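Visitor: Below are the chains, spelled out letter by letter.
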Amino acid sequence: MPAAHPPDIASTAPALAVEDLARAFGHVHALRGVSFALGQGDVLAVFGPNGAGKTTLLKILAGLLRPDRGTVRVFGRPLVRGDATQRRRLGLISHASLCYDGLTAAENLEFYARLYALADPRGTARTALAGVGLDTRADTLTWTMSRGMLQRLAIARALLHDPEIVLLDEPFTGLDQRAAAALRDQLVRLRTERRTVVLVTHNLDEGLELATHVAIQVGGRFVALGPREGGAAEYRERYAAATAGAA
Amino acid sequence: MTTVESARAAVRTSRLLLGVALLLVAALYVRALAFTPVEAMQGPAQKIFYVHVPSAWTAFVAFVVVGACSVLYLVMRDIRLDRLAAASAEVGTVFTTGVLLSGPMWGKPIWGTWWTWDARLTSTLFLWFIFFGYLVLRGAVREPGQRARFSAVLGILGALLVPFIHMSVKLFRTLHPQPVVMNPDGPTLPGSMLATLLFGVFAFTIFYAGLVWQRYAQLTLEDAHAAAAAESER
Amino acid sequence: MLRQAWIIAAKDLRLEFRSRTAFLSSLVFTALVLAIFNFARDPTVLSGTDLAPGILWITFSFAGLLGLNRAFALERENRTLDGLLLAPVDRTALYLGKALANLVFVGTVEAVALPLFALFFNVPLLPVLAPLLAVVALATVGFVAIGTLLSAIAVNTRFAELMLPVLMLPFLVPPITGAVQLTARVFSGRPFAELSAWLKLLVGYDIVVVLAAFLVFEYTLDE
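Chains as they are written, first to last, in the working numbering: chain P, 66 to 312; chain G, 99 to 332; chain L, 5 to 227.
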């Protein structure tokens with residue numbers, strides 16, 4: 066039986082609060098101190114060039130990596146890498162599908178449903194597949210699926226356990242127009258469902274219009290962070306300025 | 099974090115200890131060859147004993163250090179422990195090689211064969227393989243944090259393995275001369291030979307310490323260079 | 005935790021059963037090794053039963069080594085390991101699941117290899133089947149336990165296929181030595197008293213290795 070969500074420490078606690086996160090790999094300082102707080106339903110888009118430490122940030126938020134310094138709080142409770150209960154509230158959509166090539170779409174989702182101890186794994190899997198329009202492909206082996214279909218499967222997998230916080234790592238990578246549009250629809254749905262979203266990408270055109278907050282990450286730090294104001298053009302300027310300075 | 103200058107200074111200081119150690123080893127040679135009686139049954143070849151046993155001793159010490167540092171690293175996550183383990187493993191491999199070379203050199207004139215699968219030598223052979231695996235693993239992992247973690251795991255597993263290797267090998271017959279020093283009835287070595295042996299153990303321990311310190315200092319220097327390079331790239 | 009381990013093991017076995025490549029390769033390899041051993045000895049000088057235990061266990065070791073990396077190597081594709089680590093899965097359950105899958109894999113190869121071995125070397129297995137299977141089971145548990153743990157490390161290195169044997173072979177000395185000695189004594193029908201020392205070694209090794217694996221496995225995962 067899935068555990069009930071642990072009680073929040075304060076009803077006004079932010080959905081996701083990050084304080085002074087830092088992480089180095091040997092002498093490479095991928096993250097040099099990042100802080101932000103998001104309320105429920107906020108969508109934070111983090112833009113940054115390659116090597117800015119965006120994936121490292123996301124991995125720490127997902128609980129896959131341990132920070133050298135700083136804390137992550139999910140609804141007020143600190144995220145401890147070894148603690149399994151918090152993991153139910155987080156979902157990760159990466160550019161890797163996190164699915165097994167040798168299994169069918171349905172089998173992949175059933176596997177994860179069982180791992181998350183969800184009631185009725187088979188039914189939950191089928192519903193999830195229907196939700197992303199893959200119910201006709203339930204018995205297709207994953208390795209035969211196109212990139213767009215795989216991305217939809219990855220989304221279904223990530224949302225299977227109904228996480229309140231969804232993390233996206235460069236999700237538009239390798240998607241054609243149609244698949245990108247489908248992904249954008251999914252992201253809109255995340256917003257309507259009032260999930261808290263952190264989207265990380267190097268492409269300004271992806272996700273800017275969905276964001277409620279925008280950050281620019283360069284060299285392991287946020288050089289800009291705030292609610293989204295203005296349109297793509299202004300952010301493009303600021304982004305260019307920020308990345309030029311770092312070169 | 100150490101600066102490049104202080105790391106260089108450490109390397110220089112460690113050379114002093116190494117110098118002292120080498121003098122001690124030279125003194126050991128002199129004493130063993132000129133001032134210690136020749137053993138009646140085995141003849142002059144027995145004198146390898148004064149190198150063989152201390153080498154085995156230091157190999158053992160090196161191994162224990164690797165094991166201890168491995169456990170401590172996983173608990174304390176201090177990268178210096180990983181450096182010490184690496185240094186000790188490298189030096190330990192050298193001394194283990196020494197045991198494996200001096201053993202047959204002693205064995206050939208005494209027993210007539212270069213290699214016998216007797217308990218002690220076989221255990222040492224597998225100790226060598228464990229050390230070697232440790233060094234190969236370190237060479238194959240680039241990221242320092244991952245390398246330290248993997249090495250620590252292997253170090254702990256290796257330390258747990260050694261008693262089982264001893265047991266496995268002992269359940270086979272052994273040709274090795276019975277322990278002459280660690281004998282419950284008292285050492286059966288005559289006084290001056292025992293003194294030479296103990297001096298040998300002392301000299302080799304200092305030798306081990308000097309080598310490990312120098313290697314450790316070198317690794318610290320490498321690390322300081324890497325840190326400086328990463329800083330300047332910012 | 006056992007439940008999660010079983011879910012993971014079942015998934016691994018389903019994947020393996022579907023593709024069958026690793027399994028079939030191991031089987032064919034086993035048959036090849038056994039056949040080559042037949043030519044690697046002089047049948048007029050040595051009787052089959054002298055060498056048999058050694059041949060059997062070397063064959064098992066090589067075939068087993070081939071299959072062990074499979075468990076963690078398959079999780080590198082599409083970063084499924086991240087998927088497992090994201091889920092509320094106990095790290096030890098992950099190890100246990102992988103070890104169980106490996107156990108089934110190696111066990112199945114052994115189940116096919118044993119009759120083949122009896123056939124090629126004319127060794128009567130049926131009279132000693134029960135004790136023989138017990139010895140095989142004990143040694144295989146130790147072999148798989150340490151092999152699964154080491155492969156978790158090895159798959160992260162560039163030459164994983166070479167790294168695993170280099171790391172693992174020293175760890176095989178106690179269980180393989182014990183297994184060969186016990187197998188030899190079982191074949192020649194020695195009384196139990198002669199077996200007890202080696203049995204204690206084998207059982208002790210299995211316990212220590214499994215406990216150690218439970219303790220250190222999580223450190224083989226990225227953090």
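Heads up, some of the hints might be wrong.
Stretch-level coverage of chain G by chain L, calculated; a stretch enters the list once three of its residues show a Cβ under 8 Å from a Cβ in chain L [unchecked claim]:
id: 1; region: 196-206
id: 2; region: 290-297
Calculated lysine to aspartate or glutamate pairs in the DMTMM-like style (CA-CA distance at most 25 Å, straight line) [stated by the list, open to error]:
id: 3; chain 1: L; residue 1: Lys-204; chain 2: L; residue 2: Asp-94
id: 4; chain 1: G; residue 1: Lys-206; chain 2: G; residue 2: Asp-216
id: 5; chain 1: G; residue 1: Lys-268; chain 2: G; residue 2: Asp-216
id: 6; chain 1: G; residue 1: Lys-145; chain 2: G; residue 2: Asp-216
id: 7; chain 1: G; residue 1: Lys-268; chain 2: L; residue 2: Glu-198
id: 8; chain 1: G; residue 1: Lys-206; chain 2: G; residue 2: Glu-137
id: 9; chain 1: L; residue 1: Lys-204; chain 2: G; residue 2: Asp-216
id: 10; chain 1: G; residue 1: Lys-268; chain 2: L; residue 2: Asp-54
To be clear, the hints were calculated from the coordinates, so they are not data collected in a lab.
Given the structure is predicted, the values throughout are model-derived calculations rather than measurements.
Idealized CB from N, CA, C, for every residue including glycine.
Visitor: Indicate, hint by hint, whether the structure satisfies it.
Guide: Do the hints match the structure? See the list:
1. 196-206: Per the Cβ count (0), the hint is violated.
2. 290-297: violated (count 0)
3. L:Lys-204 x L:Asp-94: Violated - the C-alpha atoms of L:Asp-94 and L:Lys-204 are around 31 Å apart, more than 25 Å.
4. G:Lys-206 x G:Asp-216: Roughly 14 Å between the alpha carbons, so the hint for G:Lys-206 and G:Asp-216 holds.
5. G:Lys-268 x G:Asp-216: Given that 25 Å is the threshold and the Cα spacing comes to 8 Å, the pair holds.
6. G:Lys-145 x G:Asp-216: 20 Å, holds
7. G:Lys-268 x L:Glu-198: 15 Å, holds
8. G:Lys-206 x G:Glu-137: 16 Å, holds
9. L:Lys-204 x G:Asp-216: 22 Å, holds
10. G:Lys-268 x L:Asp-54: Roughly 22 Å separates the two Cα atoms, so the pair holds.
This entry does not satisfy hints 1, 2 and 3, going by the numbered hints stated previously.
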